[in-house]
Amino acid sequence: MNITRVAAIFEKDFKEFMRNMMLFTSVLIPVVLAAFFGRMDGGEGGVPDEIVIIIVGVVFSAVTFSSMMTMMAEENEKDTLRGLLQSPASIIDIIAGKSAVITLMTIISLVASIMLVEADGFWSMENIAGLILLGIFFLNLGIGIGLLVKSVATTSVYLIPIMFLFGFTPYIEFLVTDEGHIARQIAECFPLYQNLYILNGDGGAAEYLILLAWVAVSFGIVIWAFNRRKSDD
Amino acid sequence: MIHVKELKKTFGVEHALKGIDFEVDKGEVFGLLGPSGSGKTTTIKLLTGEFKSSGGNIEVNGTTDKHFKKTSYVKHLGILSDKTSLYDRLTVGDNLELYRKLYNAPKNVVDEVLGKVGLLEEKGKRVSKLSKGMKQRVMLCKAVLHKPDVLFLDEPTSALDPTTTEKIHEMLEELKNDGTTIMLTTHNMDEATRLCDKVAFLYEGVIKETGSPEDLRHRYKRNEVHLTYEDGGIRTVGRDVENQGLLKEALFDTSVIDIRTDFPTLGEVFKKVTGKELV
Ligand SMILES: Nc1ncnc2c1ncn2[C@@H]1O[C@H](COP(=O)(O)OP(=O)(O)O)[C@@H](O)[C@H]1O
Ligand SMILES: [Mg+2]
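Taken in sequence, the protein lines are chains A and B. For the record, in the first sequence the residue sitting at position 68 is 68 according to the working numbering, with numbers rising by one throughout. For the record, in the second sequence the residue sitting at position 129 is 129 according to the working numbering, with numbers rising by one throughout.
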C-alpha cells in the first residue's frame with residue numbers, strides 16, 4: 001500500500017461520490033428515516049433502542065455496504081478498474097482509497113441520523129467499539145460482492161437480501177411474535193442484535209466475540225472473492 | 001527493448017496465439033497488423049501483464065513476464081487499451097490529475113500533454129460532455145503523461161475522425177523523436193506506413209511476415225509493368241530484355257494512357273501474404 005496513491009484514489013472517489021446522485025442520496029436516506037422516527041416518539045424515554053439500531057442498520061447497509069458494492073461494480077462495468085490496475089495503483093490501494101471515502105460518508109450519515117433521534121449512551125466507548133466491528137463487517141461484504149459483480153444493475157440483486165437480513169434484523173420482532181421461535185433465535189446471533197444488546201447495556205464479552213466472528217466471516221468472503229476474481233483471468 | 005519468443009495463448013480449446021516471435025529495439029515504432037480476431041489485443045494484454053501466457057518467453061524493458069505485475073515494471077509503461085477507461089462524471093483535468101498522482105509525475109505534465117493534443121481548453125469539462133475523438137485524445141494523454149519508456153497502443157485511431165487521427169499521429173511522432181519505444185496495433189495501413197519502423201502481419205495467431213514497410217513493399221513487388229490503353233484494355237508485361245522493344249514503344253504510343261510498375265502498398269502486400277483483405 002502506498003499512501004500517495006491511496007490519497008489520489010480517495011480524492012477521485014470523493015468527487016465521484018458527490019457527483020453520483022444514487023450514492024449521494026443513500027447518505028440522506030437514514031437521515032430522513034431518523035427525522036421521521038424522531039418526530040414519532042414524543043415519550044420521555046426517547047426512541048426505542050430497536051428503532052435506533054434499525055437506523056444504524058440502514059446506514060451500514062445503504063451507505064457502507066451498498067455504496068462500496070456500487071462503486072466497485074461501476075469500476076468493473078466501465079473498465080475504469082482496468083485502467084487503474086494498468087497504473088502503479090494496486091487493488092489494495094484502490095480498495096483502501098474507496099474504503100476511506102465510504103467510512104467518511106458512513107460517519108456523516110450516522111452522526112446526522114443519530115442527532116435526530118435521542119439515543120442515550122450511543123456515543124459511549126462500548127457502543128462505538130461495537131459499531132466499528134459492525135462497520136467493518138458491512139464494508140467487507142461490499143468489497144467482496146463488489147469484486148465479483150460486473151455491473152451496477154446486478155447490485156440490486158444483493159442489496160435487498162443483505163439489507164433485510166443484516167440491516168433490519170430486529171424487525172423480525174414485528175413479524176415473528178413468538179419469542180422462542182427458531183427464526184428469532186437465529187436472528188439473535190446476527191451482528192445487528194449484538195449491537196442492540198450493547199446499546200441496551202446488556203452487552204458483554206459474548207456480544208463482541210459474536211461480532212468478531214462475523215467480521216472474520218466477512219474477511220473470509222473478501223479473500224474468497226479475490227481468489228475467484230484471480231482465477232477468472 | 002521487447003523480446004517475444006514462441007509466445008502462445010490459448011483460451012480453453014481456442015489457440016489465439018500459436019507461437020509468435022518478434023523483437024522491438026529501443027526507440028523503434030513497431031506495428032502489429034492484422035484483421036479483427038487475429039490476436040492483436042491478446043498480444044498487447046500478454047505484454048502488459050493483463051493475461052498470463054500459455055507458453056513462450058516475453059521480456060520487456062529488461063523484465064520477464066513473471067514480474068509483470070510489479071509496480072517497478074508497470075510504472076514505466078504507457079497503455080492505451082481497446083476499451084476506454086475514463087471517469088465520466090469527473091472533468092478531463094480530474095481524470096488526468098488522478099493518474100499524474102498515481103505515477104508521481106510532476107505537476108505541469110497535465111497541461112503539457114493536453115496542450116499537445118489540443119485539449120487544454122477542455123480541461124475543466126466533464127468527460128461525459130466530450131466527443132469520442134476527444135475522449136481518445138484524453139486517453140492518450142493518460143497513457144503518456146508519465147513519459148513511459150514503452151508505449152502500448154491498441155488500435156489508437158480506429159473509427160476516429162481525421163482531425164483526431166492527425167493529432168494522435170503528430171503526438172506519436174513527437175514521442176518517437178523523444179526516444180519512446182512504441183508498439184501499436186492497427187488495421188490502418190496508411191497509419192502503419194507513416195509511423196512504423198517495423199511491422200508484423202498477424203493472421204490467425206501466427207506472424208506471417210515481418211520487416212519495415214518499405215522492405216516488405218520491395219520484397220513483394222513484381223517485376224512487371226501494367227499498361228492501360230485508351231479503350232480500357234490492360235496489359236501486364238514482364239520487365240525483361242525480351243520485352244524491351246515493347247516497353248520502349250509503349251512510352252511513345254499515345255493510345256497507352258497509363259504506365260505503372262507493380263510497387264504494392266502495404267495493404268496489397270498483406271493481401272499477397274495472407275490472401276485476406278485487411279479490414
Ligand atoms: N478473454 C478471452 N476469452 C476467450 N477468448 C478470447 C479472449 N480474448 C480474446 N479471445 C479470442 O482470441 C482471439 C483473438 O482475439 P483478439 O486478440 O481480441 O483479436 P484482435 O485484437 O486482433 O481483434 C479471438 O478469436 C477471440 O475470440
Ligand atoms: Mg483488438
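Calculated directly from the structure, the hints in this document are not laboratory data. The C-beta atom is built at its ideal place from N, Cα and C for all residues, glycine as well. Any given hint might turn out to be false.
As a list, the in silico SDA-like pairs of lysine to any residue whose alpha-carbon atoms are at most 20 Å apart [claimed, not checked]:
| id | chain 1 | residue 1 | chain 2 | residue 2 |
| --- | --- | --- | --- | --- |
| 1 | B | Lys66 | B | Lys101 |
| 2 | B | Lys5 | B | Thr71 |
| 3 | B | Lys69 | B | Asp88 |
| 4 | A | Lys78 | B | Lys135 |
| 5 | A | Lys230 | B | Gly118 |
| 6 | B | Lys132 | B | Gly118 |
| 7 | B | Lys221 | B | Met171 |
| 8 | B | Lys101 | A | Lys230 |
| 9 | B | Lys26 | A | Ala96 |
| 10 | A | Lys78 | B | Asp88 |
| 11 | A | Lys15 | B | Thr71 |
| 12 | B | Lys45 | A | Ile91 |
| 13 | B | Lys45 | B | Asp88 |
Label-pair restraints from in silico Cβ distances [unchecked claim]:
| id | chain 1 | residue 1 | chain 2 | residue 2 | range |
| --- | --- | --- | --- | --- | --- |
| 14 | B | Gly12 | A | Gly121 | 30 to 38 Å |
| 15 | A | Arg82 | B | Glu112 | 23 to 31 Å |
| 16 | B | Asp178 | A | Arg82 | 40 to 48 Å |
| 17 | B | Lys70 | A | Arg229 | 51 to 59 Å |
| 18 | A | Thr4 | B | Thr10 | 49 to 57 Å |
Hint check:
1. B:Lys66 <-> B:Lys101: The given pair, whose Cα atoms are some 26 Å apart, is violated under the 20 Å limit.
2. B:Lys5 <-> B:Thr71: 24 Å, violated
3. B:Lys69 <-> B:Asp88: 27 Å, violated
4. A:Lys78 <-> B:Lys135: This hinted pair holds, its Cα atoms lying about 14 Å apart.
5. A:Lys230 <-> B:Gly118: 39 Å, violated
6. B:Lys132 <-> B:Gly118: Distance of about 15 Å is within 20 Å: holds.
7. B:Lys221 <-> B:Met171: Not OK: Lys221 (chain B) and Met171 (chain B) at ~32 Å, beyond 20 Å, violated.
8. B:Lys101 <-> A:Lys230: Violated: Lys101 (chain B) and Lys230 (chain A) sit about 27 Å apart, past 20 Å.
9. B:Lys26 <-> A:Ala96: 37 Å, violated
10. A:Lys78 <-> B:Asp88: 9 Å, holds
11. A:Lys15 <-> B:Thr71: Given that 20 Å is the threshold and the Cα spacing comes to 26 Å, the pair is violated.
12. B:Lys45 <-> A:Ile91: With Cα atoms ~18 Å apart, Lys45 (chain B) and Ile91 (chain A) stay inside 20 Å; holds.
13. B:Lys45 <-> B:Asp88: It is violated: about 24 Å lies between the C-alpha atoms, which goes past 20 Å.
14. B:Gly12 <-> A:Gly121: 30 to 38 Å: Given range 30 to 38 Å: violated, Cβ gap about 59 Å.
15. A:Arg82 <-> B:Glu112: 23 to 31 Å: Roughly 25 Å apart at Cβ, these two residues keep to the hinted range, so it holds.
16. B:Asp178 <-> A:Arg82: 40 to 48 Å: Roughly 27 Å apart at Cβ, these two residues miss the hinted range, so it is violated.
17. B:Lys70 <-> A:Arg229: 51 to 59 Å: 19 Å, violated
18. A:Thr4 <-> B:Thr10: 49 to 57 Å: 39 Å, violated
Violated hints, in rising order: 1, 2, 3, 5, 7, 8, 9, 11, 13, 14, 16, 17, 18; the structure is consistent with all others.
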